[in-house]
Amino acid sequence: MPGLVLLRHLLRTVGSAWLILSVLFLLSRGATDQRSLLQTMVESSARLGSLLEQPAVSQQLLQRYGLDAPLFYVSWQPATGWYWHGFHNQYHTWLTQLLQGNLGTSYRSEEPVLVLLGQALQYTLPLTMLAATLSIALALYLVAATGYRPIVSNWVMSMAHTLQSIPLFLLALGLLLLLANPDALNWFPAFGLGPTGPTSTSWSHPQALLYQLTLPTLSLVLGSFPALAIQLNGSLHQELARPYVATARAKGTSQGRTIWRHALRNALLPTVTLLTELLPSIVAGSVVVEVIFALPGMGRLIADAAVQQDYPVLLAGVGLVAIVRLLAQLLADILYPLLDPRIRITA
Amino acid sequence: MKHLSLRFFFLVWVGMVSSCTTPATYSAPGTVRIRWARDPENLDPLVVSNTSAYEVINLTHCSLLMGREEAHDFVPWLAEAFPSVERLSDSLLLVSYRIRPEATWDNGAPVLAQDVALTLKVMNCPGLPTEMDQAMFGFIRDIRLDTADSRRFTLVCAGQSPEHIRSSGDFSILPEYILDPGRQLRTVSLTAMRQQPVQAAVQALARRYQRLRLARHPENLPGCGPYRLSAWQSGRYLTLHRKPKWWADVLSAPPAQLQAYPTTLTYQVIPDAATATLALRRNEVDIYGLMPAAEFTRLQQSAEDRKRLAFYTADSYEFLTAGFNVRRPVFQDAATRKALCFLFDVPALIKATQQGAAIPSAGLISPRVADYYNDSLPLPVFSPTQTVGLLRQAGWQRQADGRWQRKVAKGAPQVLRFGVSYRAGEPAFETAALQFRAAAAAIGIEAELRPTEQAVLSRQLQAGETDMCIRNYSGNPFSYDFTALLHSRGIGASNTMQFSSAVTDRLIEQITSTEDKQKKKLLLRKFQRVMAQEVPFSVLYFQKYRVGASRAVGRVPVSGLKPGYEAARIRPMEAPL
Chain A
1 MPGLVLLRHL
11 LRTVGSAWLI
21 LSVLFLLSRG
31 ATDQRSLLQT
41 MVESSARLGS
51 LLEQPAVSQQ
61 LLQRYGLDAP
71 LFYVSWQPAT
81 GWYWHGFHNQ
91 YHTWLTQLLQ
101 GNLGTSYRSE
111 EPVLVLLGQA
121 LQYTLPLTML
131 AATLSIALAL
141 YLVAATGYRP
151 IVSNWVMSMA
161 HTLQSIPLFL
171 LALGLLLLLA
181 NPDALNWFPA
191 FGLGPTGPTS
201 TSWSHPQALL
211 YQLTLPTLSL
221 VLGSFPALAI
231 QLNGSLHQEL
241 ARPYVATARA
251 KGTSQGRTIW
261 RHALRNALLP
271 TVTLLTELLP
281 SIVAGSVVVE
291 VIFALPGMGR
301 LIADAAVQQD
311 YPVLLAGVGL
321 VAIVRLLAQL
331 LADILYPLLD
341 PRIRITA
Chain B
1 MKHLSLRFFF
11 LVWVGMVSSC
21 TTPATYSAPG
31 TVRIRWARDP
41 ENLDPLVVSN
51 TSAYEVINLT
61 HCSLLMGREE
71 AHDFVPWLAE
81 AFPSVERLSD
91 SLLLVSYRIR
101 PEATWDNGAP
111 VLAQDVALTL
121 KVMNCPGLPT
131 EMDQAMFGFI
141 RDIRLDTADS
151 RRFTLVCAGQ
161 SPEHIRSSGD
171 FSILPEYILD
181 PGRQLRTVSL
191 TAMRQQPVQA
201 AVQALARRYQ
211 RLRLARHPEN
221 LPGCGPYRLS
231 AWQSGRYLTL
241 HRKPKWWADV
251 LSAPPAQLQA
261 YPTTLTYQVI
271 PDAATATLAL
281 RRNEVDIYGL
291 MPAAEFTRLQ
301 QSAEDRKRLA
311 FYTADSYEFL
321 TAGFNVRRPV
331 FQDAATRKAL
341 CFLFDVPALI
351 KATQQGAAIP
361 SAGLISPRVA
371 DYYNDSLPLP
381 VFSPTQTVGL
391 LRQAGWQRQA
401 DGRWQRKVAK
411 GAPQVLRFGV
421 SYRAGEPAFE
431 TAALQFRAAA
441 AAIGIEAELR
451 PTEQAVLSRQ
461 LQAGETDMCI
471 RNYSGNPFSY
481 DFTALLHSRG
491 IGASNTMQFS
501 SAVTDRLIEQ
511 ITSTEDKQKK
521 KLLLRKFQRV
531 MAQEVPFSVL
541 YFQKYRVGAS
551 RAVGRVPVSG
561 LKPGYEAARI
571 RPMEAPL
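First to last, the protein sequences are chains A and B. In terms of UniProt numbering, the first sequence opens at residue 1 and continues consecutively. In terms of UniProt numbering, the second sequence opens at residue 1 and continues consecutively.
Chain B with its partners taken away, still in its complex shape (with noise of 0.2 angstroms):
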């Protein structure tokens, strides 16, 4: 009896999923699946804590202003035209815009000057989850509305720097009919809202937000973008349906930013890229953005896969990088750092990590951005030669033992010998690692690779306890601000590297400062200049972003910016190629 249940219970499996009549490729017309290597988690509008819900909130909001790639710079988006700006004394700015007059929210009532003031009340809002908010808008101190035009407004900007112009308008705007419908807060001004005791309709907005839960509800809140999410298993797929009738669509020729022809975006989550890989090549998904080097040049080698599928490249704005913490006594010298940075076989590097799919570049500017790259500075060779002749001239002697040593003015003599920290788990850092280990273990360097977990690194990097790091950073090609980055102000923030200089502080103000591209181009191309000559770190290469795509979606506009393709302008094809 126990046999025969058994065996009845296999039928029965069998029948069933034989009998399966629910496709696994279902594709409805017009829509586009895209594969996800991770869940959005949270799609609160003021939180955004990762790519995926980046993506997800530029296609349900718009913001007055939109980073485009091809443009090099911030483009409109609900904003009508660039901002007027006006400086006011030596600490004050004034940012004007005029919100498109097409532009309406889904209850079919324009937006308005009030729902970017309002959207900003929000985020100075006491009790809701705003810190970033207001890290990264803070500078905006008020809003002027225009009493003749209630689409027209000036927002009143603390500093002169031309960076918060375009930052100013980088924020999705909320409706008020949800988040006010009382106009309550019309009364109450920006100043009013950071300030103690909190006011009764502060603390009512305040509840209204919380109460729709926004961070797994985003359907609660529509913005003004072309789409509305329609379906959210976490961890499994989110479904975007595009509005039957956005207000772009009366636009008889509308810009790039303005575009947005799938029906249905599908983003379904698949961790794991061989996974993915597969659910590619069955036709599951349409588009795999950012896929790993071998895979993508696995499929591009199959003649059965190119049948199908087509692959794109973008050149990334990120790049992979050797960090010196140059307040280590044996890296306090720029000889030093120059000579160990000709320890990395880039070209070889690429070729192992990237299957020679990537651009070896001289500075932290990509080549591709050919007004501001330095192209007269050497690009990175391989020379364990240099290397030696460099460190003799940095006052270090090789030992009997093989080890190199030099005599400091007290104390006992240093020795080479350091350790290369990398986040764990990443191949391409450990293979640039491992490579490095042995070209300097050749020559006598002692380099000690420890691999170390994010959050370890993360502080140890901050606490300044790394010797030299090897990590990613991600550039963009409106801003040019390296003040995080490099400045002195950036010690103990995001300038890992403890690096700082007067020239380099006053290039970096500069760059910053200055709107004259002309200018611009001189004072970046003299920075790479300046670090070139520093070395506080090496750049190996910058990445390329690696889509691959059902030839059934049409071509794939795909872009340098994560996540390496524009989605809302694919156009789903009827028949396939």
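Looking at chain A on its own, in the form it has when it is part of the complex (with noise of 0.2 angstroms):
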């Protein structure tokens, strides 16, 4: 029976996923001038710029992007009413490469869109995945360390709280001025990934890209940990006034032992949401820090693409980051009765 509410979960999120894909395309579509669109482009172009052959550029771009097409099977016009497109509409394009595995073509480099998403993530991936994982190591050690220690853990509290208060961008601009600068400790490179020699890359330093990336890791660590730092101690906490809890310690369980094999795996289920939460952040990136340390990650290629109107790399950079967002609530559905067996996933 647990394999059946599974798959109907599993079933559910696809449904769910095509419903986002197809709201954000459609609206990412309808609700933008198509040719305006495209007159951003061929006004922005270095050379184009104002020649009066304008508008039969934008018309013949259309044709190329497939724009000049319907947007989807149907359409409403007040004086016909609803009218049938066929087929041959710009929905029904899509769909039918997104089923082929095809994320269509960026507007701007003309390189497909999923060769660019894989490009981003490969700076992404490691980032945000090396800071998320400090940050839980570090939400944990601080909160489990302070568990029994009621002022060290008020005084971490409101370290975190601060933190917490403080703007991702300030929090980063911050630590490049404390860092990277000649006036001030001039310890690390102000930006993330350079060439760092005539035949190398930067990959295959593993010191160069540790020393490179720790101001941008600095920066999200510093970003992310204070909200599961508070969430579990609060969880942490109410644990510990539990009767097993005194029990154990009546038993003459040590302190760290209660907490680290008893109270901590209770307080984790409050958690496991913001830490599902994550996941696509981990995706996502983040376009403050990439922005300010030059980090060509997700987080910047979905900015640029929103900025820049490439729609394709828009589409397919925040669909990617919605379905993982929908993995997530799946993962967290999946953990929660392995966490606490009390809770049963159902229909």
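Hint data in this document are derived by calculation from the structure and do not stem from the laboratory. Cβ coordinates follow ideal geometry from the N, Cα and C atoms, glycine included. Certain hints may be false.
[To be verified] Facing chain B, from chain A, some residues (calculated, C-beta under 8 angstroms):
#1 Gln60
#2 Arg108
#3 Ser109
#4 Gln119
#5 Gly174
#6 Leu176
#7 Pro182
#8 Phe191
#9 Leu193
#10 Pro195
#11 Arg249
#12 Pro296
[Said to hold, decoys possible] Sample of chain A residues lacking proximity to chain B, with all beta carbon distances greater than 12 angstroms (derived):
#13 Tyr73
#14 Trp76
#15 Asn154
#16 Ile166
#17 Asn181
#18 Phe188
#19 Gly192
#20 Ser235
#21 Arg242
#22 Leu274
#23 Ala306
[Claimed, not checked] Cβ-to-Cβ under 8 angstroms is the rule here; a few derived chain B residues that face chain A:
#24 Ala215
#25 Tyr237
#26 Ala362
Hints given; two lone chains; assemble the complex.
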């Protein structure tokens, strides 16, 4: 039976993903005047500048990108009512390509969107996964270490609240100006990944990579660990007040063992939602950190696509994050009963 | 155990970081490292979608002519001399070139007229992303090759505009030996390229071109420029290496356009200005072009930074304007438009947005172009008193509630109330708009600020849906063709002010059709005078481009054209100054 329930959850997730992607597609295309979108591209062209032929070029580009076709199978005209366009429409073409694993081509770089996503994830995933791991580890360590030390715990939580109130861009800029500044501490490079030498890439030098990623990682850790720590601290203190903890302590279990073996596992339950929320962030990257430290990751890809109206890239990036969010929710549903057997997945 | 592992992890990190031997400021001799705000994205020479891409294409490929700022004109680049021109009937122009005899491709083969013919055929090849090229160079109808001299050819151009002479040489020449190794296209004329059904040789060319995937792999099509692409990590950096033997090296005294000194040019993509400034100060980049005014001034004022960095400015051709939609009833008369222009305090605006480093101008030609700038026109002044006086002359009357109204022949009276649109997130535009609104509000004029997203603003401007718009325009010292911007033919395209008149249309046509410098001078001055009377827009100031550079790279040749410096002409020094 649990298998059947899981299958239902899975099917529901697939349905939700299709719905979200379709809405994203229709909203992004429907809410934009495609002619003006291409006009912006033409105007920003380095050489086309201000030619009289701009409208004609826009029309040709509309044809090249398939934007001259109707948006959906049907459309509503006040004069004629509903009109059936058949299968030659933008949505049908997009959906067919999507089912074949083709996310389209970037308007700007003419590169397949799948390749662009792969390139961006190559930079984002190591950074965000490292930052997420460190955030979780730091939150667990600090909360566990201060569980039976109320004064230190209060101090740590005050620090976490303070950090949480600082916007990420301020944190990142602050770190940059503090630790990569000739006027202060000139310890780290100002930007993420530059060419390290005439024949090598950064990825072949793990030391250089860690060195260059220290500030971006630190920014992300300082930005994400406070929420985890605050939530976990609250849960842990609730658990520490429960009778089973008093029993454990009465039986002579040490403070550390009580926390790590008994209380923390139960305290993790409310934190699971927060932890699974980290997954979409891991894929989406951080626009702020990637812009400040010049890292060409997912955050910058999506933000640039939005600014430059590169809709195939934007749709794929946002769609990927949405799907990962759905998967994270599915994962949370699976993790809850594993952590607390009293919880059962129901249809 | 968990505590230990966490401590161990941090120790490993600290150890690795502290033992890191890779210098952050690696720079080989002869290398110049330049900051880019954005990636070129697409390096297909037929596409060239942004200024970074344009910079790379100009270093890896050559055109027949090149615009040189100091000459205020195009100069021969791959061409041996400026082309000779023959006017044929009323509608055709024959532009004849000869390619420099020294010019060769990387394989040692000479650059010939056949390469130019092939390039034009590629630009007209169906199935390739050539829409923009066809729009720009569609006036070239045919190419006639000289049978006696393989380097000589004549371009048959439609129309007789002198602009076409210069434009006819402003595209990168592509190698025939790569794109058409079998020389099958030699028998296909330029006219036949556009015809349906598409010939097999043309289809083969399209397939060959697409297989090269030039958008991301420009190295597959080496040009005859001094540099070749050696590395490109999109969004991170791009490296160009100078060819060990470039054809122009044999010239004893190469002109500026044929000089290329740095052995390596590394472009580092750093989107954030604060990060880029730190990178310049930390010696992680050598050149920072188009620096924001505040950062530039701050570094200039630091004694420590002055020791290691040099600072340059160049008068650009980019200007900030406040334009009126003249089809809006309240802006239909020149007196009202002129009155509102007195509400811009240009010196204060220049101080606030450009740290005082910009040039006020009476018109849309830069004051530095002394020949063409009409210096008898007054510079814009801030004078709300004159605004009030002019508004009264235009029929506006201030009401008891402080608003301005005027009676019209039919319908309700007009209220002087309008929106000021500008691109959202642009500090200079926002400051100008805020300054204007404050000055307008002080005398009872209602100006509503409308910061708008770029694409939406673009659509609104084209559709004539804005009232007043603050935006930038980019000019250049080579072309004085205002057709798209201010001619009636430009309405619906780039003439977003919807302004036109018989007088200005005729003047624009005369300016574009004359080659006589003296006549052009008179016409341009007259045009500026008419524009000062009609006031479809007010030029607030011409910007300066700012370049911060490490003294280690020696003197940086700067330019009023983007990107503000000439990378190939930088001579990196062995020992810093």
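Against the structure, the hints come out as follows:
For Gln60 of chain A, the interface hint holds, the least distance from its beta-carbon to any beta-carbon of chain B being 4 angstroms, beneath 8 angstroms. The interface hint given for Arg108 of chain A is met, as the beta carbon of that residue sits about 5 angstroms from the closest beta carbon of chain B, less than 8 angstroms. Among the interface hints, the one on Ser109 of chain A holds; its C-beta lies about 5 angstroms from the nearest C-beta in chain B, closer than the 8 angstroms criterion. The closest approach between the C-beta of Gln119 of chain A and any C-beta of chain B is roughly 6 angstroms, which is under the 8 angstroms cut-off, so the hint is satisfied.
With a cut of 8 angstroms, the hint placing Gly174 of chain A at the interface with chain B is violated, because the nearest CB-to-CB distance is about 11 angstroms. Given the 8 angstroms rule on beta carbons, the hint for Leu176 of chain A holds: about 7 angstroms separates it from the nearest Cβ of chain B. Because the beta carbon of Pro182 of chain A sits about 5 angstroms from the nearest beta carbon in chain B, less than 8 angstroms, this interface hint is met. The interface hint given for Phe191 of chain A holds, since its Cβ lies 5 angstroms from the closest Cβ of chain B, which is under the 8 angstroms cut-off.
About 6 angstroms separates the beta-carbon of Leu193 of chain A from the nearest beta-carbon of chain B, less than 8 angstroms, and the hint is met. For Pro195 of chain A, the interface hint holds, the least distance from its beta-carbon to any beta-carbon of chain B being 5 angstroms, beneath 8 angstroms. With 8 angstroms as the threshold, the beta carbon of Arg249 of chain A stays out of range of chain B, its nearest partner Cβ sitting at about 20 angstroms, so the hint is violated. Taking 8 angstroms as the C-beta cut-off, the interface hint given for Pro296 of chain A holds, the closest approach to chain B being about 2 angstroms.
Look at Tyr73 of chain A: its CB is around 26 angstroms from the nearest CB on chain B, clear of 12 angstroms, so calling it non-interface holds up. For Trp76 of chain A, the non-interface assignment is confirmed: its Cβ lies about 22 angstroms from the closest Cβ of chain B, beyond the 12 angstroms cut-off. Separation of Asn154 of chain A from chain B is adequate, the least Cβ-Cβ distance of about 21 angstroms exceeding the 12 angstroms criterion. With a least CB separation of 17 angstroms from chain B, Ile166 of chain A remains clear of the 12 angstroms interface cut-off, as annotated.
Its closest Cβ contact with chain B, about 6 angstroms, brings Asn181 of chain A to no more than 12 angstroms, contrary to its assignment away from the interface. Residue-level check failed: Phe188 of chain A sits 8 angstroms from the nearest beta carbon of chain B, not beyond 12 angstroms. Residue placement check: Gly192 of chain A does not keep its beta carbon more than 12 angstroms from all beta carbons of chain B (closest about 8 angstroms). The beta carbon of Ser235 of chain A sits about 18 angstroms from the closest Cβ of chain B, which is more than 12 angstroms, so the claim that it is off the interface holds.
Taking the minimum C-beta to C-beta distance to chain B, about 22 angstroms, the non-interface status of Arg242 of chain A holds against the 12 angstroms cut. Against chain B, the non-interface label of Leu274 of chain A holds: every CB pair exceeds 12 angstroms, the least being about 20 angstroms. Interface exclusion of Ala306 of chain A from chain B breaks down, the closest Cβ pair being 10 angstroms apart, not more than 12 angstroms. Interface hint at Ala215 of chain B: satisfied, since its Cβ lies 4 angstroms from the closest Cβ of chain A, which is below the 8 angstroms cut-off.
Checking Tyr237 of chain B against chain A by beta carbon gives a least distance of about 5 angstroms; that is within 8 angstroms, so the hint holds. Look at Ala362 of chain B: its Cβ only gets to about 21 angstroms from chain A, farther than 8 angstroms, so that hint breaks.
When the structure is compared with the earlier hints, violations turn up for hints 5, 11, 17, 18, 19, 23, 26 and for no others.
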